[in-house]
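Undergrad: Sequence:
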Amino acid sequence: MADEKETTETTVATETETKTKPKAPRKRAQAKAQKQHDPLHVPYFDAAGESQGELALPKAIFAERPNMSVMHQAYVRQMANGRQGTASTKTRATVSGGGAKPYRQKGTG
239 MADEKETTET
249 TVATETETKT
259 KPKAPRKRAQ
269 AKAQKQHDPL
279 HVPYFDAAGE
289 SQGELALPKA
299 IFAERPNMSV
309 MHQAYVRQMA
319 NGRQGTASTK
329 TRATVSGGGA
339 KPYRQKGTG
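Take our numbering: the last position of the sequence shown gets the number 347, and nothing is skipped along the way.
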């Protein structure tokens with residue numbers, strides 16, 4: 239009975255060890271990450287479209303993470319400025335009808 243208990247404990251222990259084993263990173267993902275060029279070095283072209291080399295962008299400006307709330311505000315502002323803006327309301331003078339009576343209330347027939 240003690241032997242059976244020991245064997246079941248060892249099998250349970252080996253099963254849990256295999257389940258918690260950390261996975262190695264995939265080779266494809268590593269290769270893809272290596273193929274990507276440094277985003278702070280970008281190619282530049284002349285007017286004819288021929289490559290003239292690479293340009294190093296300043297890390298202080300281009301390595302920052304974008305602030306998404308500010309980007310959204312800028313987008314909404316640009317869209318609002320592009321609208322025509324023809325909404326208007328009429329004043330008392332421009333409303334159709336109204337004003338002085340055209341004739342008396344009584345005595346006209």
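Take the hints with a grain of salt, since some may be wrong.
[What the hints assert, rightly or not] Simulated restraints, written as ranges between beta carbons of each label pair:
{"hint": "1", "residue 1": "Ala286", "residue 2": "Thr332", "range": "55 to 61 Å"}
{"hint": "2", "residue 1": "Arg266", "residue 2": "Asn319", "range": "42 to 48 Å"}
{"hint": "3", "residue 1": "Ala301", "residue 2": "Val333", "range": "57 to 63 Å"}
{"hint": "4", "residue 1": "Gly323", "residue 2": "Pro277", "range": "34 to 40 Å"}
{"hint": "5", "residue 1": "Glu288", "residue 2": "Gly320", "range": "33 to 39 Å"}
{"hint": "6", "residue 1": "Arg266", "residue 2": "Glu302", "range": "55 to 61 Å"}
{"hint": "7", "residue 1": "Gly336", "residue 2": "Tyr313", "range": "54 to 60 Å"}
{"hint": "8", "residue 1": "Asn319", "residue 2": "Val280", "range": "28 to 34 Å"}
{"hint": "9", "residue 1": "Arg330", "residue 2": "Val308", "range": "39 to 45 Å"}
To be clear, the hints were calculated from the coordinates, so they are not data collected in a lab.
In this text, a Cβ means the ideal position worked out from N, Cα and C, and glycines have one as well.
Undergrad: Verify the CB-CB distance for Arg330 and Val308 against the hinted window 39 to 45 Å.
TA: holds (43 Å)
Undergrad: Tell me if the beta carbons of Gly336 and Tyr313 are separated by a distance inside 54 to 60 Å.
TA: Check failed, 44 Å falls outside 54 to 60 Å.
Undergrad: Does the Cβ pair Arg266, Glu302 satisfy 55 to 61 Å?
TA: violated (29 Å)
Undergrad: Starting from the hint 28 to 34 Å, judge whether the C-beta atoms of Asn319 and Val280 obey it.
TA: holds (30 Å)
Undergrad: Within 34 to 40 Å: is that where the Cβ-Cβ distance between Gly323 and Pro277 falls?
TA: Between Gly323 and Pro277, where Cβ atoms are some 39 Å apart, the hint holds.
Undergrad: Does the Cβ-Cβ separation between Glu288 and Gly320 fall within 33 to 39 Å?
TA: Once the Cβ atoms are compared, 36 Å apart, the range 33 to 39 Å for Gly320 and Glu288 holds.
Undergrad: Could you check the hint for me, namely that Ala301 and Val333 are 57 to 63 Å apart, CB to CB?
TA: Distance hint for Ala301, Val333 holds at roughly 60 Å.
Undergrad: In this structure, is the beta-carbon distance linking Arg266 and Asn319 contained in 42 to 48 Å?
TA: holds (45 Å)
Undergrad: That 55 to 61 Å hint for Ala286 and Thr332 (C-beta), does it hold up?
TA: This hint holds: roughly 59 Å between Cβ atoms.
In the structure shown, a violation is registered for the earlier hints numbered 6 and 7, in ascending order.
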